[in-house]
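Chemist: The whole structure should be built from the sequences, with the hints applied where relevant.
One-letter residues, chain by chain:
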Amino acid sequence: MPANPVLPWSEVSLRRESARIMQFRFAENDRFPAWKIATLQGTVAATFLVLLLGYWRIEITQHRRYVEQAERNRIRDLPVIAPRGRILDREGRVLVDNFPAFSVLLMRETNAKLSPEQIQGVARGLGLDPVELQRLIEHSAHLPRFQPVVLKQAATLEDVAFIESHRLEYPELDLIQVQQRLYPKHEAAAALLGYVGEVPEEMIAEPGSHYLPGDVVGKFGIERQYNSVLSGRDGVRRVVVNSRGQEVGSMNTVNALPGNDLRLTIDLDLQMTAEAALGEHAGAVVALDPRTGEVLAMVSHPAFDPNDFAHRIDREEWQQLTEDPMKPLMNKAIQAHLAPGSVFKIITAAAALETDTIKPDFTINCPGLITLYGHTYHDWVWEKHKGHGSVDLHRAIVVSCDVYFYTIGKLLGIDKLAYYAKELGLGARTGIDLPGEDPGLIPSPEWTERVFKRQWWAGETISVAIGQGAVAVTPLQLAYAIGGVASGGVFHRPHAVFQDQLLALGVDPPSDNEHTFALKPSTVSCVTRGMWGVVNEGGGTGGGAHDPSLDIAGKTGTAQVVSSKLQLSEHKTTFRNNAWFVGYAPSTKPEIVVAALVMEGEHSSVAVPIAREVIKAYYEKKGKIVPSPAGVEPHLMSEAARDGQHAVRPPTTQSR
Amino acid sequence: MSKAASYRDFDWFLLLLALGIAAIGIIEIYSTTVHTALATQYKRQIYWVLIGCVLAIAISRFDYRIIVEQVPWIYLFSILALLAVLVSGHSASGARRWLKIGALTFQVSELVKLVIIVAVAAYLASRREKSVTWRDLVVLGVLVGAPAALVAIEPDLGTSLTFFPIVAAGLFLAGIRVRQVLALLLLGILILPVGWHFLKPYQRERVMTFIHPAENTQGSGYQSSQAKIAIGSGGFWGKGIGNGTQSRLGFIPVSHADFIFASFAEEQGFVGTLLVLLLYFALLVRLLDGAQTAGERAGAFVLVGFASLLFFQVAVNVGMMIGFLPVTGIPLPLMSQGGSSTLITFLGLGLAMSVKMRRFVN
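So the protein lines, in turn, are chains Z and D.
Take 1 as the starting number for the first sequence in the working numbering and just add one per residue.
Take 657 as the starting number for the second sequence in the working numbering and just add one per residue.
Calculated from the structure, these hints are not laboratory results.
Glycine is no exception: its CB is placed at the ideal position from the N, C-alpha and C atoms.
A hint or two may mislead.
[What the hints assert, rightly or not] Stretches of chain Z that chain D covers, calculated by requiring three or more beta carbons in the stretch to come under 8 angstroms of a beta carbon on chain D:
| id | stretch |
| --- | --- |
| 1 | 45 to 54 |
| 2 | 234 to 243 |
[Claimed, not checked] Just some of the chain Z residues that point at chain D, by a computed CB distance under 8 angstroms:
| id | residue |
| --- | --- |
| 3 | Arg31 |
| 4 | Ile60 |
| 5 | Tyr66 |
| 6 | Ala70 |
| 7 | Asn73 |
| 8 | Leu503 |
[Unchecked claim] A few chain D positions that, by computed beta-carbon distances, are all more than 12 angstroms from chain Z:
| id | residue |
| --- | --- |
| 9 | Ala695 |
| 10 | Ala759 |
| 11 | Pro811 |
Modeler: Here it is, written out as structure tokens:
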């Protein structure tokens, strides 16, 4: 090997040098000067002193701060999600329940900031959209660090496995057990019950809001209306974690306060009967107890499955629901804004009688058409080229004679008609305890002036008299109005939750529960007899509701959809008449009133059997549940049972 | 050759200081790993310390002057070994630092530290001049620069940096002049940008993190910020053995090795910190005292070189825990778990003993 140039000396020189070293010994004066060694020792001392000062500052001066950081490092506050209260029917049967599931949380206490690659990885692992995930994380950036962010609800087994196996890469991810909403009846009563979803940002931003991102709130229906009752207060579980985010112990726990169960006035049996009776038709069914305003059943069809909303609904599903022309996300029972058609004739009749515009024996001859104000109005039977002949008020209600009501409409005038329609429950919200109720519309000269800046056309009064023109109602309003008229002018605010339960929960129910607009007994008996005839007399338009064992009365309606807005819509060609029937029983002093709407049903006879089925189910149940003991009328017994509604137990147990 | 030294002259106090520090280290290794997969590490460390102790005593019997004589060969062999590491070394976590001999893996750069101490001592003692010449600077620059470069490209920048304080202390003793110091400083400033270019990305990040610690508490700043949290939460008295939550829960990286001092400070507080630094101080002062009384210059240079090596490692390791210096892979001698580092430190101590036992001139 050649002499390595890197070596500072050659071997030869080494030999020479080492020989010299061997001979060389320190003389006292050849030692290093003492100051040099002292300088080195001083350097060591000074350095160590500086280090000690550094440790003093961190261990003593800033001790508290680092203790805090150490605690924050290893202690995690995991939310303990309070289960939402269940929703029960009036007999305590479960309509809405919970089931345990996992949510994926992003813990943000450890100064964690996921890099774009990490976000990609998490999105892939959890099957999320990376763009949305990024946005979610950015949106929560302003929140306090100790608040975890919910990345995914209803984690699948794969998600759980992903988190557990990637603790090292993503120590910020964690799982918590949550209570997921479960709607065991799926689409049944969906519009009434509503659905839950993640709290919207506006709600978080509201002053005094205690919501955190990812919290679940009611978004529609009962879930929304009674969100504060149903939602509990989340607890906190304080756990010790290691650097990988794995739990190694727990400290103290603030228990979650579960939400309150809510018992509805809904009767599941009636609800299911109504669902089945409406079948595949688009429309709505509302059953009310006119004596109290309790909603016994409420159907809106087509519906949605609220289970789809229990976790974050995906965009496609949402689009499908919102773009469906039949508007499945609408509760048609309270939000449909439609002409009532001939059902309105009851209002016209009551107004005419109350104002003494006519006597019940006021009779006209119906040739099938009439010319008023220079315009010819046809009766609905005109298509068959005939008229109703000679009809008095009773007969006019039974056969739903348009010409008769055109005539008394003209005699009444719009002001009286509109006044009575409003006093009898139309044209304003009923005040039901559900969000988004439509107020309906009773047109008036004042209304055309305000909205269209024009005078009222006299001819419009004629249309209004038979429930056409701009008159619009909701199925609930019609049930409310007809039930109130049949009860003599006493209107009870419809509600789906028992008032005394709300009081017990500390929620103030609205105070204006009763509206009385006393009708003359003669008026009431005249219109109720008329409505009995509709179902039970020959030629009655509601003959399809006749049942020999039941005392059903009611009024049909076949409403042309004349709203120009709707006619111009894309569904013009498929447009058909809406079918209505509002039936009640018994025919005087009703206990149940059912409004059935079949959209595009063409003829009211489609709606008639629906109401009958519900009323029938109501009476069958009364007979079945309360066996008639000697001396006690079944009717009274069942009422006693119904009055003891506070108990969740079925009424049968109360007969003891 | 000189006569055999007697154990009457053996510096038992020096060995006791070293064993004291090592014992504290073993307790801390036990405390921070007993609940983990590394639970038996403290036992291995006991073996290393015992072997090191025996080696130190054995080496002290051996006349260091023979090593000084043979140092050119040893040096040459070291260079070859370092080249061998680079060519066929055993790599772990991205760095080729180990040479595999049978079942044992050995970190060559650790041994090179001692070789450089002796080589520098041999060269400086061989000169006749009263003060350092420019030629001396060039020679020493190449002598230390070559192995330093080889170690740095393993990459193990931390270890290669430990070579320089050895030279610095030697030059100081040999009588370096102010203008030479200034020239070296100037050279350093000129080399800095070039050196930056050669740094690996993670090394640059460490330096940047050191300069701006607040910006990166999760990536490379994670280690030093977690170490600070552990130390700071220890307080005056510490949390006690086995109660260091930060180290036990894994927030401190390699809490039994490079970062053992953070675990120790968390559990033993400022009191423990003070005690250990006092032990190191006593050890260093005693080594340097030996340089004053050494039998001849080469021995004195060996003692000073070894003391400065120890001092540099302790200062950098203890300093980087609290963010005084950037994070480098320099273990804390005698305390950090690790065979190579422990054995080399004891070997160095043995060498120092050998010098001290032969301080009397006959």
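Chemist: Hints first: check each against the structure and report whether it holds.
Modeler: Hint-by-hint comparison with the structure:
no. : hint       : verdict
1   : 45 to 54   : holds (count 7)
2   : 234 to 243 : holds (count 4)
3   : Arg31      : holds, 7 angstroms
4   : Ile60      : holds, 6 angstroms
5   : Tyr66      : holds, 2 angstroms
6   : Ala70      : holds, 4 angstroms
7   : Asn73      : holds, 6 angstroms
8   : Leu503     : violated, 51 angstroms
9   : Ala695     : holds, 16 angstroms
10  : Ala759     : holds, 30 angstroms
11  : Pro811     : holds, 21 angstroms
Consistency note: the structure conflicts with earlier hint 8 alone.
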